[in-house]
Amino acid sequence: MITDVMFHSLRSRSQLIPVEDLIRDCAGSRMPEIIPELLTAPIAAAAAEVCPTRAITTDTPVEGGCALRLDYGKCIGCGRCVEVGDGAIRPAKRFSHSGVSRSELVQTWQTGSGVEAQAGEMHTSARDRVYALLGRALNIRQLDPGSCNGCEAEITALTNPYYDLERFGIHFVASPKHADMLLITGPVTRNMATAVQKTYEAVPLPKLVVAVGACGCSGGIFDRRNCPVGTLVNLNEEIIGPVDSLLPVHGYIPGCPPTPAMLVSGILEVLNRYTGRK
Amino acid sequence: MKGNAANQWGPESGRNEALPLDADRRFTGRLVSIFGDNTGGTTILHYLVDLPGAGYGDFEYVVAGPVRSMTPVAPAASWHEREVHEQYGVEFIGHPHLRPLMRHSRFDSGLPSNGSTQEMEESQFLRVQGEGVCEIPVGPVHAGIIEPGHFRFSVVGDTVLHLQLRLFYTHKGTEKLFEGRVATDAVPIAESVSGDNCFAHAVAYCQAVEGVHQAIVPPKANAIRLIGLELERLLAHIGDLGALCGDVGFAVPAAYCARIKEDLLQASAKIVGTRYWRGVAVPGGVRHEIGSADGRELKESIRIAVEDFVGIAEQALRTPSLEDRFEGAGILAPNRAADLAVVGPVARACGIALDVRRDHPYGAYKNLNFDVPTWHYGDVMARARIRMMEVHASARLLLDYLEALPAGPIWLPLPAISTGRAFAAVEAPRGELVYWLRVEEGKIARCHVRSPSFQNWPALPFAVTGNIIADFPLINKSFNLSYSGCDR
Ligand code: SF4
Ligand code: SF4
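Protein chains in written order, with the working numbering: chain A, 1 to 278; chain B, 1 to 488.
One chain only, chain A, in its complex shape (with noise of 0.2 angstroms):
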């Protein structure tokens, strides 16, 4: 019986991604994407009005347009600005925000004159070049402290036929000792404050820190900070924050939950970063 298991598995066709088509692929993410051209005030407003997670916000109006400010930190591509779009605000194709630094995930574009107003600076600092040190392989600890579990479901499928991980080296790992890298997913939560300090620590030197989804890059739905003006919001004391008001983190992955092709390219871009790996 076993090996009929067996036979069946060496007809079957491989199902393996090449990692070109992963790269910046954003399709089930449902992440917003602007259209400067066809961007107008009122979208802006309604886009802001509709947000749940102020993801999007405007500035007030200067002459003829107002600036609208993407964070997609906070997004949790729950569409709905894309409802009240009209085809200014539409879902991303492609996507590179994944992998990047907290800044970098905020875009804003002035409405109007169709252009974007700013996009987030891309830097590497020499300093960080000590990662270099991580080489080839690449251990990943994942750690959950206090997520929906959505990113954790992803991150799973990371290691199936299509995904495979481990064709870059990648490994996950059971313990934070054997990682390089701390892949943190969700708001960290009071009780887990404690255990996410000890995992820390326990990863030896060089170590990297990625914060996975809304939650893990801004408290997402969970941060009382991103809950839309105008709702009475109790102070909620079993959140502490985002991964990064705990420890410091080297890349983040938006997303709600991010998918798998995001995750790769997040991982992929922190890399290649911080250890100059492509």
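Calculated from the structure, these hints are not laboratory results. A hint or two may mislead.
Within a straight-line C-alpha distance of at most 27 angstroms, the following computed DSSO-like cross-link-like pairs (lysine-lysine) qualify [unchecked claim]: (1) B:K366 / B:K220; (2) B:K270 / A:K93; (3) B:K299 / A:K93; (4) B:K270 / B:K299.
Place chain B with the ligands on chain A using the hints.
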């Protein structure tokens, strides 16, 4: 289950006379949930009960001083009462150990204040003593890509004598987070209670809001919801069976199931825009049309996926080395399951025929005739078998529904009713999921979420006791409970 004294609980309120205790003061319903609510300074306890033949009942009890604990009559009440005690400061007389459930990192609710935090923390665990007994603490950070929780094993050699759980590490105050939000707008919070069952949570929440508004959901929307719910069940069960095989080192079926699950996720992404159906349900209907071409495409993907899955899983479950690990491991006795009022596949695997879709039909399930498959023994194999049967049943439903989707609108505006309360139950992949909602002037005043995991976690230690500790991951996986759904 039998109480030894008359008036075991809540004798002060006249309304409680209607509670389902028989002449021997035995509890005759199935306890769904106990939770508190606060209106105008008064704390009210709600006892949500499933009465055989009579549907759900919501019994209220106004708190004035200490309340008799229900735990001695119905052990399933234990965690609920601990939760209410912690949230509302209600004293339950007769509860065997009324200690904090959620906020265990801060011992601030009526515990002795002398001694160090460490000591207080340790005092929460039952000590098993005797020759050769040793204690193994595991977690909260586990070895795999899973959620956090702490397990305290007392073992002799390899055999587990006692297991104590400490969960609620992912407690995020989610019920509080709902409060103050516009009721029709808070679906994203419900979707983030337990991410892998987000659509079931979204639908249950929407149904509660629709209950408040007494809204009518168009048939097409109900059909799309059914498709989402059944697809979610397929995903969960296929994933679980793969993971079970993986846990006994049978890598080929594990990889197969992961592949099949991924196929279905990609099919979902193509049709509704997200892999896990997030943002699809809204109060009043759904936000994504499934046209007939999409329906056919999805149907084809499901047909292929299920065919592949059944082929591989049937082979795997007949493999002697796997049978050897699955059979007889982690037996949950039916009387324990009944006492703890477990739900979902865990209950059905020990012969308890319980399914919200049949017992309290909602949405499109109202028009269906439903068989609830059950299995016996209550071991890991039974829980695997039950999932196999449910995959078959869900696939049949899906293929039927995708064949002929009703026509019509997918969303209708809600009648304007701003104040009211309602609750809704949905059969999520893990079992009965309940949302209870009180809305004041359009905003949520109280939202209680009773996830199936909350109900099933207390049963896990009983299934583990007596097994070897090496089988724990397998037994835990066969329950596959959500930490976040339980902790909220
Ligand atoms: S959360 Fe994201 S998708 Fe939803 S409205 Fe805000 S920006 Fe748009
Ligand atoms: S980002 Fe979304 S999927 Fe990930 S933990 Fe937060 S709510 Fe869950």
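Given the hint that K270 (chain B) pairs with K93 (chain A), does the C-alpha gap stay at or below 27 angstroms?
-> holds, 12 angstroms
Given hint K220 (chain B) paired with K366 (chain B) - CA-CA distance at most 27 angstroms = holds, 14 angstroms
Within a Cα-Cα threshold of 27 angstroms, do K299 (chain B) and K93 (chain A) meet the stated pairing?
-> holds, 25 angstroms
Within a Cα-Cα threshold of 27 angstroms, do K270 (chain B) and K299 (chain B) meet the stated pairing?
-> This hinted pair holds, its Cα atoms lying about 13 angstroms apart.
Violated hints for the displayed structure: none, as all numbered hints are satisfied.
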